[in-house]
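Student: Here are the chains, one letter per residue:
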Amino acid sequence: MTSLAVALDLLREAAARRWFLALGLALTGLLMLLLTSLRLEVVDGALAASRLFGQPLHHSIQAADVALRPVFLVASQIVFWGGLGFGVLSCADFAPALLSPGRIEHLLSLPVRRWELLAGTFLGVLALALAGAVYASAGLVLVLGAKTGVWTGWPVVSAVLAAVAFGSVYAGMLAVTVWVRSAALSAAAGATLVLLGLLATHRVPLLDLMGRGVGRALFAGVTAVVPPLGKLADAAGALASSAPLAPGGLLRLLAGTVAFAGALLAVAMWRFDRRDF
Amino acid sequence: MDVSPARWEADRAMSAAFAVTSLHKRFRTRFGHTESVALDGVELEVPRGEAFGLIGPNGAGKTTFIKCLLGISHPDSGSVELLGGRPEDPRSRERVGYLPERLTLPGAWTPHAFLASVTRLKRLRPERSTLDRLLERVGLTDAANRKIRGFSKGMRQRLGLAAALVGEPELLVLDEPTDGVDPLGRVEIRQLLAGELARGATLFINSHLLSETERICTRIGILSRGQLVRSGPLEALTAVQQRWRVRFADGSPPSAETLVALGFEPAEAGAWEIAAPDAPALNRALDGARAAGALLVELERASRDLEDVLTEALAAGAA
Amino acid sequence: MRQRWLWLIAAGLLVIAAAWLVRIPEARAPAARPEVEMPRQLRPEERQRMLARLRPPVDAGVRRNEVRDPMLAALSAGGSGSGMVLEVNALRNSPLGELLLQCLAAREGRGNALEALQRMGIDPLRDVDRVGITEHGIVVSGDFRRANWEGLLGSPGGSAYGEQGQITSVDPRADGGSRLIATRWGDSLLHLGDSVEDGRRVVDVVEGRGPAPRPLLTPEQSYGELYGVVSGADLARTVGASEAWATALVEAASKVEIHLDARRDVALVADVSGDDARKLEDLGKSLGGALALARAQARAGGDVDAAELLSFARVSPARGDALSVEVALPLEVVARHLASCRGDVDAGR
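Protein chains in written order, with the working numbering: chain A, 1 to 277; chain B, 1001 to 1319; chain C, 2001 to 2349.
Heads up, a few of these hints could be off.
To be verified - When the alpha-carbon atoms are kept at most 20 Å apart in a straight line, the in silico DMTMM-like pairs for lysine to aspartate or glutamate are as follows:
(1) C/K2255 x C/E2135
(2) B/K1153 x B/E1127
(3) C/K2255 x C/D2275
(4) C/K2279 x A/D44
(5) C/K2279 x C/D2303
(6) C/K2279 x C/D2305
(7) C/K2279 x A/E41
(8) B/K1153 x B/E1168
(9) B/K1147 x A/E41
Bear in mind the hints are in silico, worked out from the structure with no lab data behind them.
In this text the structure is predicted, and so the values were computed from the model without any measurement.
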């Protein structure tokens, strides 16, 4: 429960920050713009015509839910990768702020266990990422659903995947911060993990290109553990666009991502437990 | 090994506010070399209900001591008992109120929000009336709904003090509690702390303002180079043995030369001091002054201020 | 202290678990969406096929730099606005081919063309390359060197016409079927029609004599397993007006060019041309709605495959004087629609 209190405090802190206010306003503005300026004509379940700001959008006339698939696919990728990038930049200083002199001493003097502080910070940031992703996706589903009669919850599920992916990245950012209190280093760690996640997606062909040696072994070792973010993004896109997906494979991928995040958090806890402030 | 809650409560009620034994702490470089010795075998026990002041020069280890006491830093060796338990045990820290030397406050929050957060983290239910009372006690009622980022240094200090008072702690650990506070504010804070003492709380204060420490604390400890070089009741530390301060009625004979001849030495503010190894010697001197016509209006044991005590202790430590 | 090291142990175990979980290959690949390639242009093998069919005119008086596809030329001979070509050779091994051939055999007014071919010693599935259907008859192309023309046509020879033409009247069937005029051109082309004039016109066009008629189909349009053009008038007779989209189609379309890919499931592309852009736009919406409705009905009926293929159905919006309809249909659906056609065959037996 103490972790939840820490998480809620972080959310209150975030609500007052310009980054997140700007994001909230931007998302809301975009959705309102779509709601008011996008006109969709649906005939017997087929998306017959579309207009944006009065200008016709040229597209095929086909079943509305089929026509919306590419829209949801693109939106899911924007939420996934855009969310990762935004999250790495905007959340980089939560942990350094937590560990700042004057703040951490006060927090540690309270009846809060050290792991509860870290866990609460992680949960707070994860909740932030989830809220942003779900808001964007759910908003799009609502707007398009109201205009076409096509209602689907899969884009929202896809947004949850994006949040899980960010969770694995933020766990690394948090772990780095426990060692070196620096927002810049934390952001760099996040960016590095995103890059490694992309490389891990194409691990096998990349390994084939490498010659034997320490570098190849290192690359193989690191990418064996890092979640393949590209696969997660593809799965998110498939979910959002109602494409076929092997549920077992997705669950394993998610479990592996959660395990990776857990490992990083455990390392952070180990270090944080005995660190002097 | 975990202790049962009932046993823990019983032990807690009987124990000192805190007790540290043979506390050692070194700061090392990344490569393991000793950079500095912060605490070098500190032993200290503070009974409940006392106001203890820890003084010493910069770099003596005062803040490190407080951090080890509260589990914020981990000593290399030695033991720490905090309110009958270990500092790592949240149950011990539940009853502690701490004001750090540099408290970072969330600028976008109001005092109410900050105090509510501290209350929740102390596993208590934040109630508006309770928070209002706290703010009233520290003189921040008018600023209750302002953003903290607009607060002065003194206002932040008051808010930090209010946070330390959340939950009526049994032990208040205050690092420079009046730092940045105006003189009137210091008076208010002293009165507040006196009220906490009257409530039964134990105060542990680290302050560079020796005059403030003298006014608040009943026991003093002097830390120098990681060692506790002096510790004891304030009166005992500041009292000067075998020396007395007297005051005679203004305008009464005898002359200053007469008093000097009798062994009296002029002190500040019209008072006189005399060295007497025992009561008979003191009375002989007083009888002599009275015989010369002096009218005795005040007699007390001569004392030094804390600054003198500190200076002497540091000099002795250096020697 | 021990508790602290538990974090590290947990981290190690989780790292191993993470590596194991993300590296497990999928036991079974997910069923991918069926891939349907819509016929939009000549595939490489179709282009080679088309080029191989082009012939120069045989008449000495005609310019030698012209090349033409004899089958397409023959189809254009009657001046009809409609004509369909079935690539029998390409369809031979596909399930749809058999269904279409059966329907072809039941075509009213032409008797049993397949039986006529078999009487002439022509194996429809071995010797026949293409079958074309127009108002003025059926054109069959292929390799007819084994055909016994003299003996099977029931007359000493018929009359020669042009450089390589031979026009023969084929005896009616014993049950009173209508008379056929068989016009063959060399050993590669056979026209079955109602009149000798039609036969002569075919030979003239194929050999390049006289003014070239407006081509019904160009060689570049010979892609798909079934392709052709249907005029507005023929469309009205065929489609009827039972549904809204059908009515809109008849009103808006002056011509429909159809291409069908039947290597697996059936993929159909129909380019609808018309003079009234507004009517075409309404037609597009009606067709789109009808297709979406069909998909919804398939899903409601639990026909997942049909619904999935119908998700490929789309109507490109009208641009100027044409719009395009793409539909992918499972073979079973096509078979159901051709059942009535094959029913005539069974009834006729």
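Student: To test your reading of the hints: which numbers does this structure violate?
Tutor: Numbers 2, 5, 6, 8 and 9 - these are the hints that the structure violates, sorted from lowest upward.
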